[in-house]
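**Q** Single-letter residue listing:
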Amino acid sequence: MAALLNGDAAARGLRLWTNTKCLVTTRRFAALPTFARAAAESAARGWPVHVRTSGGTTVVHRPGMLNVSAFDAWIDDSRDVTTAFERFCGRLVAVLRSAGVDADVGWVPFSHCDGRFNLTVAGRKIGGTASLVRRRRSMVAMLAHASIWIEGDVTVDLEAVERFERDIGCGVAYNRSAHASICDAMAEARSVGHANGQDARRSGDWARVSAADQAVRGAGACHIAVNIDGHCPD
Amino acid sequence: MTDVTIPTGLWNDGDEAAISAWLYSDGDIVAQGAIVAEIMVEKSSFELVAPAAGSLTILVPAEEAVRPGQVAARIG
Numbered sequence: 000m001a002a003l004l005n006g007d008a009a010a011r012g013l014r015l016w017t018n019t020k021c022l023v024t025t026r027r028f029a030a031l032p033t034f035a036r037a038a039a040e041s042a043a044r045g046w047p048v049h050v051r052t053s054g055g056t057t058v059v060h061r062p063g064m065l066n067v068s069a070f071d072a073w074i075d076d077s078r079d080v081t082t083a084f085e086r087f088c089g090r091l092v093a094v095l096r097s098a099g100v101d102a103d104v105g106w107v108p109f110s111h112c113d114g115r116f117n118l119t120v121a122g123r124k125i126g127g128t129a130s131l132v133r134r135r136r137s138m139v140a141m142l143a144h145a146s147i148w149i150e151g152d153v154t155v156d157l158e159a160v161e162r163f164e165r166d167i168g169c170g171v172a173y174n175r176s177a178h179a180s181i182c183d184a185m186a187e188a189r190s191v192g193h194a195n196g197q198d199a200r201r202s203g204d205w206a207r208v209s210a211a212d213q214a215v216r217g218a219g220a221c222h223i224a225v226n227i228d229g230h231c232p233d
Numbered sequence: 000m001t002d003v004t005i006p007t008g009l010w011n012d013g014d015e016a017a018i019s020a021w022l023y024s025d026g027d028i029v030a031q032g033a034i035v036a037e038i039m040v041e042k043s044s045f046e047l048v049a050p051a052a053g054s055l056t057i058l059v060p061a062e063e064a065v066r067p068g069q070v071a072a073r074i075g
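Residue numbers (numbering that gives the first Met the number 0), protein chains in the order written: chain A, 0 to 233; chain B, 0 to 75.
These aren't lab readings, by the way, just hints derived from the structure by calculation. In this text, all values refer to a predicted model and were calculated from it rather than measured experimentally. Ideal Cβ positions, reconstructed from N, Cα and C, are used throughout, including at glycine. Watch out, some of these pointers could steer you wrong.
To be verified - Beyond 10 Å from chain A on every Cβ pair, some chain B residues (computed): (1) Thr1; (2) Val29; (3) Ala51.
Stated by the list, open to error - Chain A stretches covered by chain B per the calculated footprint, using a threshold of three residues with CB under 8 Å from any CB of chain B: (4) 15 to 28; (5) 50 to 59; (6) 80 to 91; (7) 109 to 123; (8) 127 to 135.
Start from the sequences and build out the full structure, keeping to the hints where you can.
**A** Here's what the structure looks like:
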């Protein structure tokens, strides 16, 4: 972000990454007097807690989740932050749709870290988005971020988040069925598609999805390959 | 005393903004350019930067709504 604000164009870009198993929370929660003990107890349960600078509440990172981080900067007043973030989310939706995932953006009641720009499939949250905006002198820099459930047990993730947030005194019970991994969502869509005599799979230029026909849930047999050309959303 | 003002022009006027966390306590000495607070607008985080060095006096507590141009703290 500092390089972006200093006008370093090379700092603009898109990063796709995964993380080891952990919770990632916000500076707001980290400022609470209950944080240190709750974080230590979470770490003892196998969920170390890290603090991020973007907005929202606590989320999970782990293998099986894809993180997408876009770094961009522009001259102040030349672009609207909300529009830039909407464009970032719109491009994620386009990539997912081209990969055969019928994604959308919107609120998901009773989901964790809820927001207007959740990534959704059939009304269930498959990913969350957030951003960090910094302004220095005449420049604005934005980190736009998304964490997307590709595969794995969403229920276990939510339990870890709920336990930590309860321990810091901000506990909320989330609705498990408001969430899904992409593999779960695709398996359900395929079930519906087969019931209707349809093939739910599609292919696109940006991404390709191959999914085994046998049961996906629990077998880890969902493979998603996404090729992005490296352009920064702008 | 130097005002620490909620930035203008970074989010839409109708969006609800709040100070989600002060990163220093009332009375702390801060350096010019230090990030003293975080402002949350939905799930976008904006940073409030100290315009001068000195002792921070917080005027708006965490979790309270703010509007662009509002004085949230003073440094002196």
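**Q** Could you run down the list of hints and mark each one as holding or not?
**A** Cross-check of the supplied hints:
1. Thr1: 17 Å, holds
2. Val29: 15 Å, holds
3. Ala51: Per Cβ check, alanine 51 of chain B is outside 10 Å of chain A; nearest 15 Å; holds.
4. 15 to 28: holds (count 3)
5. 50 to 59: With 4 residues in contact (Cβ-Cβ under 8 Å with chain B), the coverage given for the stretch 50 to 59 of chain A holds.
6. 80 to 91: It holds: at least three residues are needed, and the stretch 80 to 91 of chain A offers 3 whose Cβ sits within less than 8 Å of chain B.
7. 109 to 123: Coverage by chain B holds for the stretch 109 to 123 of chain A (4 residues, Cβ < 8 Å).
8. 127 to 135: holds (count 9)
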